[in-house]
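Residue numbers (this note's numbering), protein chains in the order written: chain A, 202 to 352; chain B, 19 to 185.
Derived by calculation from the structure, the hints in this document are not laboratory data. We put the CB at the ideal spot given by N, CA and C, even for glycine. Incorrect hints may have been included.
[Claimed, not checked] From chain B, some residues computed to sit far from chain A (all C-beta separations above 10 Å): (1) Phe32; (2) Lys54; (3) Ile95; (4) Tyr100; (5) Ile165.
[Said to hold, decoys possible] Derived pair list, reagent style SDA-like, types lysine to any residue, alpha-carbon separation capped at 25 Å: (6) B:Lys142 <-> A:Ile274; (7) B:Lys61 <-> B:Asn47; (8) B:Lys61 <-> B:Ile106; (9) B:Lys28 <-> A:Leu235; (10) A:Lys221 <-> B:Leu119; (11) B:Lys61 <-> A:Lys324; (12) A:Lys222 <-> B:Ile170; (13) A:Lys290 <-> B:Phe148; (14) B:Lys25 <-> B:Leu75; (15) B:Lys174 <-> A:Phe334; (16) B:Lys21 <-> A:Leu231; (17) B:Lys124 <-> B:Ile106; (18) B:Lys96 <-> B:Leu119; (19) B:Lys21 <-> B:Ile65; (20) B:Lys28 <-> A:Val284; (21) B:Lys142 <-> A:Lys221; (22) B:Lys21 <-> A:Val284; (23) A:Lys324 <-> B:Leu40; (24) B:Lys96 <-> B:Leu163; (25) B:Lys142 <-> B:Asn47; (26) B:Lys25 <-> A:Ile274; (27) B:Lys28 <-> A:Lys290; (28) A:Lys222 <-> B:Ile65; (29) A:Lys324 <-> B:Ile175; (30) B:Lys54 <-> B:Tyr78; (31) B:Lys61 <-> A:Leu343; (32) B:Lys96 <-> A:Leu332; (33) A:Lys222 <-> B:Lys174; (34) B:Lys96 <-> A:Tyr328; (35) A:Lys324 <-> B:Ile170; (36) A:Lys221 <-> A:Phe244; (37) B:Lys54 <-> B:Ile42; (38) B:Lys61 <-> B:Phe148; (39) B:Lys54 <-> A:Ile274; (40) B:Lys174 <-> A:Val320.
Here is how the chains run, residue by residue.
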Amino acid sequence: MISKEKSQTKKQPTFLNSFKKATIGFVSLLPTILAVVGLVSCFQIYVTPQMLSNLFGHGTALDILDGTFLGAISSGNGAISYVVADGLKTQGVSMYALIAFIMAWTTLSFTHLPAEASVFGVKFTTYRNLLTFLSTMIIAYLSTITLGLFS
Amino acid sequence: MKKLEFKGLKFLAFVVLLFIILAIFDFDNISNVINKFAIILYKIIPIFVLVIFVTALINYLLKPKQIMKHFGKDSGIKGVLYSLIGGIVSHGPMYAWYPMLEDMRKHGLRFGLIATFMYARAVKIPLLPFMIALFGLPFTIIVNLYIIAFAIIQGKIIDILITKPPK
């Protein structure tokens, strides 16, 4: 009876042990995280908002596709995507492209793909990103249509 | 105690190589890239601390059986709701949350709920006033409602696509 209680007490992790375990788990992913930050830094320097704005105005389907691709290759704080999208709006870029751009910026990231695949597996990463890509385009289309209904 | 095994060393080596190539061929910009790297890292360090703390707290408070109950195969609507809320309130870049999600996945977290969590992160609560100011209230409400709906749909589809055979 006593030995059973003892073994049960032994199994209960202390917060310190849980903290150590969490720290080890995090540190083991540090190379991946540093690599992603490195790639994101490169993209933020080499892909400028001016480069992004030159690619729109070729019809709804292409604008949505362009917006999705550009959002996916860009990275940084979500607020930056709003500022860029607002700038694109003043340049007459369609609402379809703007929503696709904002959505892709916050949900898709080509620079994160290797890290995601190494943590969750290639199968999950492929399915999730394909679904996210499709969702982004559908949301861009549906949101613009819905907005049209209310304006 | 869990053993320390580094992941993504080849990926890091590739990025280091890219930096070296940039340093050789575009020396002017490499200092900007390194500066950016330092700024991003400095910004996300507090998030890393938060992630380690949250992971430790989950490990300490929730036993594997409880994680299975809330986020496992039979978690139902509650699991979806928790993942949605978790995704919406989580801050910082997605990769900062990988260690926590990986840890929970080892304890039975469904892939569908990871997908829901990741997509729900597109709803950025701190940025909502900014979004309203730039694009208006109807835009903000409509886009964010669609994000939530598609986060749930994606989770369901992922669960259908990735089903592990029962042991």
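Do the hints match the structure? See the list:
Not every CB of chain A is more than 10 Å from the CB of phenylalanine 32 of chain B (nearest about 7 Å), against its label as outside the interface. With a least CB separation of 4 Å from chain A, lysine 54 of chain B falls inside the 10 Å interface cut-off, contrary to its annotation. The Cβ of isoleucine 95 of chain B lies farther than 10 Å from every Cβ of chain A, with a closest approach of about 20 Å, so its non-interface assignment holds. Distance to chain A confirms tyrosine 100 of chain B as a non-interface residue, since its nearest Cβ pair spans about 19 Å, more than 10 Å.
With a cut of 10 Å on Cβ distances, isoleucine 165 of chain B falls inside the contact zone with chain A, its closest approach being about 7 Å. For the hint linking lysine 142 of chain B to isoleucine 274 of chain A, the alpha-carbon distance of about 20 Å falls within 25 Å, and the restraint holds. A distance of roughly 21 Å separates the Cα atoms of lysine 61 of chain B and asparagine 47 of chain B; the hinted pair therefore holds under the 25 Å criterion. Between lysine 61 of chain B and isoleucine 106 of chain B the alpha-carbon distance is near 20 Å, which keeps this suggested pair within the 25 Å criterion.
Using a Cα cut-off of 25 Å, the hinted pair lysine 28 of chain B and leucine 235 of chain A holds, with the two alpha carbons roughly 12 Å apart. Of the supplied pair hints, the one linking lysine 221 of chain A and leucine 119 of chain B holds, its CA atoms being roughly 17 Å apart against a limit of 25 Å. Taking the CA atoms of lysine 61 of chain B and lysine 324 of chain A, the gap is about 31 Å. The hint is violated against a cut of 25 Å. Our distance criterion of 25 Å between C-alpha atoms is broken by lysine 222 of chain A and isoleucine 170 of chain B, whose separation comes to about 31 Å.
A C-alpha spacing of about 15 Å is found between lysine 290 of chain A and phenylalanine 148 of chain B, which places the hinted pair at or below 25 Å, so the restraint holds. Taken as a hint, the lysine 25 of chain B and leucine 75 of chain B pair is honoured in the structure, with Cα atoms around 23 Å apart against an allowance of 25 Å. Restraint check: the Cα-Cα separation between lysine 174 of chain B and phenylalanine 334 of chain A comes to about 16 Å, which is no more than 25 Å; the hinted pair holds. For a cut-off of 25 Å, the pair hint linking lysine 21 of chain B to leucine 231 of chain A stands: about 15 Å separates their Cα positions.
Simply put, lysine 124 of chain B and isoleucine 106 of chain B have alpha-carbon atoms about 23 Å apart, close enough for the 25 Å limit, and the pair holds. Restraint check for lysine 96 of chain B and leucine 119 of chain B: satisfied, since their Cα atoms lie roughly 17 Å apart, inside the 25 Å limit. Annotation: proposed proximity of lysine 21 of chain B to isoleucine 65 of chain B holds, straight-line Cα distance about 23 Å (limit 25 Å). With a C-alpha separation of about 35 Å, the suggested pairing of lysine 28 of chain B with valine 284 of chain A is violated against the 25 Å cut-off.
Pair hint lysine 142 of chain B plus lysine 221 of chain A does not hold up; C-alpha atoms about 30 Å apart against a cutoff of 25 Å. Distance restraint check for lysine 21 of chain B and valine 284 of chain A: the Cα-Cα separation of roughly 44 Å exceeds the 25 Å cut-off, and the hinted pair is therefore not satisfied. Annotation: proposed proximity of lysine 324 of chain A to leucine 40 of chain B is violated, straight-line Cα distance about 32 Å (limit 25 Å). Note on lysine 96 of chain B and leucine 163 of chain B: the hinted pairing holds, with a Cα-Cα distance of about 19 Å set against a maximum of 25 Å.
Proximity of lysine 142 of chain B to asparagine 47 of chain B is assessed by CA-CA distance (about 31 Å); at most 25 Å being required, the pair is judged violated. Proposed proximity of lysine 25 of chain B and isoleucine 274 of chain A is supported: the alpha carbons are some 24 Å apart, at most 25 Å. Proposed proximity of lysine 28 of chain B and lysine 290 of chain A is contradicted: the alpha carbons are some 41 Å apart, above 25 Å. With a C-alpha separation of about 18 Å, the suggested pair lysine 222 of chain A and isoleucine 65 of chain B falls inside the 25 Å cut-off, and the hint holds.
Between lysine 324 of chain A and isoleucine 175 of chain B, the direct Cα distance comes to roughly 13 Å. Compliance with the 25 Å bound is thereby established for this hinted pair. Note on lysine 54 of chain B and tyrosine 78 of chain B: the hinted pairing is violated, with a Cα-Cα distance of about 36 Å set against a maximum of 25 Å. Pair hint lysine 61 of chain B plus leucine 343 of chain A does not hold up; C-alpha atoms about 35 Å apart against a cutoff of 25 Å. Annotation: proposed proximity of lysine 96 of chain B to leucine 332 of chain A holds, straight-line Cα distance about 23 Å (limit 25 Å).
Distance hint between lysine 222 of chain A and lysine 174 of chain B is unfulfilled; the C-alpha atoms sit about 31 Å from each other, more than 25 Å. Proximity of lysine 96 of chain B to tyrosine 328 of chain A is assessed by CA-CA distance (about 24 Å); at most 25 Å being required, the pair is judged to hold. Between lysine 324 of chain A and isoleucine 170 of chain B the alpha-carbon distance is near 19 Å, which keeps this suggested pair within the 25 Å criterion. Our distance criterion of 25 Å between C-alpha atoms is broken by lysine 221 of chain A and phenylalanine 244 of chain A, whose separation comes to about 34 Å.
Of the pairs offered as hints, the one joining lysine 54 of chain B and isoleucine 42 of chain B holds, with about 18 Å between alpha carbons and a cut-off of 25 Å not exceeded. A hinted pair counts as satisfied when its Cα atoms are at most 25 Å apart, and lysine 61 of chain B with phenylalanine 148 of chain B qualifies at roughly 20 Å. With a C-alpha separation of about 17 Å, the suggested pair lysine 54 of chain B and isoleucine 274 of chain A falls inside the 25 Å cut-off, and the hint holds. Restraint check for lysine 174 of chain B and valine 320 of chain A: satisfied, since their Cα atoms lie roughly 21 Å apart, inside the 25 Å limit.
The structure does not agree with the numbered hints 1, 2, 5, 11, 12, 20, 21, 22, 23, 25, 27, 30, 31, 33 and 36 stated previously, though it agrees with the rest.
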